[in-house]
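Chemist: Residue strings, one per chain:
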Amino acid sequence: MLTLVDENIKDLDLVVGEGETCMLRLASFTVFPSANIRVKVKKGGTFDGAFADFSRGNGRFSLVVELLGEGANASWHYAGIGNGDSNKTIDTSAEHLSPLTKADIAQYGIAMEQSRMTFIGTSHIHEHMARSSTSQKEKVIVFDKGAVGKCSPILRIDENDVEASHSAIVGKLSDEHLFYMLSRGIDLPTAKRLLTLGYLKPVLAHYDGELGERIKECIEGGF
Amino acid sequence: MATLHIENLHVKVGGKEILKGVTLDVQEGRTTALVGPNGHGKSTLLLSLMGHPNYEVTEGKVFLDDVDVLALSVDQRSKLGLFLAMQYPSEIPGVNSADFLKAAMNVRRDKPMSLFQFYSKMQTAYKEMGIPFEMSTRNLNEGFSGGEKKRNEILQLKLLEPRLAMLDEIDSGLDVDALQVVSAAIRDEQKKGRGFLVVSHYARLYDLISPDDVAVMVNGRIAVTGGPELIKKIDTQGYEWIKTELGIPVEKEDALISIGTCATREAIGK
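If you read the protein sequences in the order shown, they are chains S and G. The first sequence finishes on residue 223 if you use the numbering used here, and the numbering steps up by one all the way, no holes. The second sequence finishes on residue 270 if you use the numbering used here, and the numbering steps up by one all the way, no holes.
Because the hints were derived from the structure by calculation, they are not lab data. Ideal Cβ positions, reconstructed from N, Cα and C, are used throughout, including at glycine. Where hints are given, some of them may not hold.
As the list claims (entries may be wrong) - Some chain S residues judged to face chain G by a derived CB distance under 8 Å, without partners named:
1) G185
2) I186
3) L194
4) E220
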C-alpha cells in the first residue's frame, strides 16, 4: 500500500506484477497535485486507488491505468471539494490491453463558491480484448452561485463481447430533496451539508486509522 | 387551541393559477378532511402552506394564531408547528435516516437530546409504526416500498410532534394491515390534541380516523364546508351534486403531456 498525504506529486510510475495487488491512497488537504500517474497492471494483478481531495488549488491531475495482462483489474474512487476560485481537472483513463480485464472508475465532486471542477477521461477497450468490463460514474454537484461543474467521461469500445457503462451527472442539489428536509425544520445550511455528505462519504471505505478520521472530519466539517 | 386561518389564498404553479381564493379555518385539536375531485388544488394547498418553492402565493393571508405563516421560510414553518406528510416522499441518497431524524428533532430543542434519549424515542416510534429498527440505518426513503415511505412519514410526525399535521393521500400505497397501523397512529395523535388536515379520496381512511370537519375543494376554492355527513354524500353520489345543488360547475382536469427529459452534463451555479 502506498499512502501519500499532501504530496505534490509530479510524475509517478507504478507497475503491478502478476497476481499482485497495489493499493494507492492519496489525500490532499492543502496541495492539489498536478500529477501524471501511470499504472501498468500485469496478468491477474489488481490496482486499487482512491483520492480524497480537500485542497484549494488549480491544475490537472492525470491517472492512466494500463491493464496489460489477462484478468488484470483496476478500481478508482475520487471524492473531492472545489472551493474558493480553485480550478481542478481530474483526468482518469483506463486502457484495456488484454482480454478479461476490468476497470471501475467512480468520481464525485462538490463545486463550491467560485470554483470549477472538471472530470474527464477515456475508458478504452481495444480490439480483441473480449470479455472485458469497464464502467465510469461521475457526478459533480454545483453547490453555490458562480461555481461550475463539468463531466465528460468517454467510452471507446473496439470489441463486441464486452460490458461497458458510463454515467455523468452535473447539477444543483435537488430542490425536492431540499424541500423535504426543510419541511422537517432543518435549516438550509444543515440540509445542504447533510445532502452533500452523502455524495462524499463512500470514499471513507478506502481509508482507516488517523487518516480516515481526518478525512471524515473534513467531510463533516467542510461546509 | 391554535387556529390556522387561510384567507383568500391565490397560488400559481408554473404561471397557472391553481388556487383561486381559498378561505378556510383549521383548528388545532380537530381533524379536518379536505376532499374534492382530482386536480382541483388540494395538494397545491398543502404544499403552499408548507412553502414549496414552486408554489407562488400571489394573494391572500395565512396565519397560525397571530403568526404570519407566509412570511416564514419552510424550516421556520415546520418549527412553528406545521407538518406535511407528502404524497410522494423523496428518496434521498446518502442521507442516513437516523442522522436526518436526529437533526430534525434537535432543531426543536434548546439543547440537543442525549443519544440514549434519541434512540429510545426512535425505537418506540419504529415499533409503533411496525417498521424494522434496522431501517433507521438506511438512507432516507431510498429503496423503501410505497407503504414503507408512508409509514415513515407518520413515524416522523410522531417524533416531531407538530401542532397541525397535513396528510396528503397518506393512504395511497398502503395495504390493509398498513392502513390499520397508520390510522391507529393518527388516532393516537388525535388524542394528544394534534390538529389534522387530511386529503384522501377514500371514505375508508375517514371511517378510521373520524374527522370533525369536512371541506370540499372545487375549482381552486372551498365550495362547501360541513360535518362528516359530506364524506358519505360524496362517497355515494360523487361530486355531481356540487353542480346541481350549489350551481358550481366542476372543471375537468387538464390532461398532462410529457415530452421527456434529457441528461445534463454541465451546469453553472445560478
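Chemist: Hint by hint, say whether it matches the structure.
Modeler: Tested hints:
no., hint, in the structure
1, G185, "holds, 4 Å"
2, I186, "holds, 5 Å"
3, L194, "holds, 5 Å"
4, E220, "violated, 10 Å"
Violated hint for the displayed structure: number 4, the only one.
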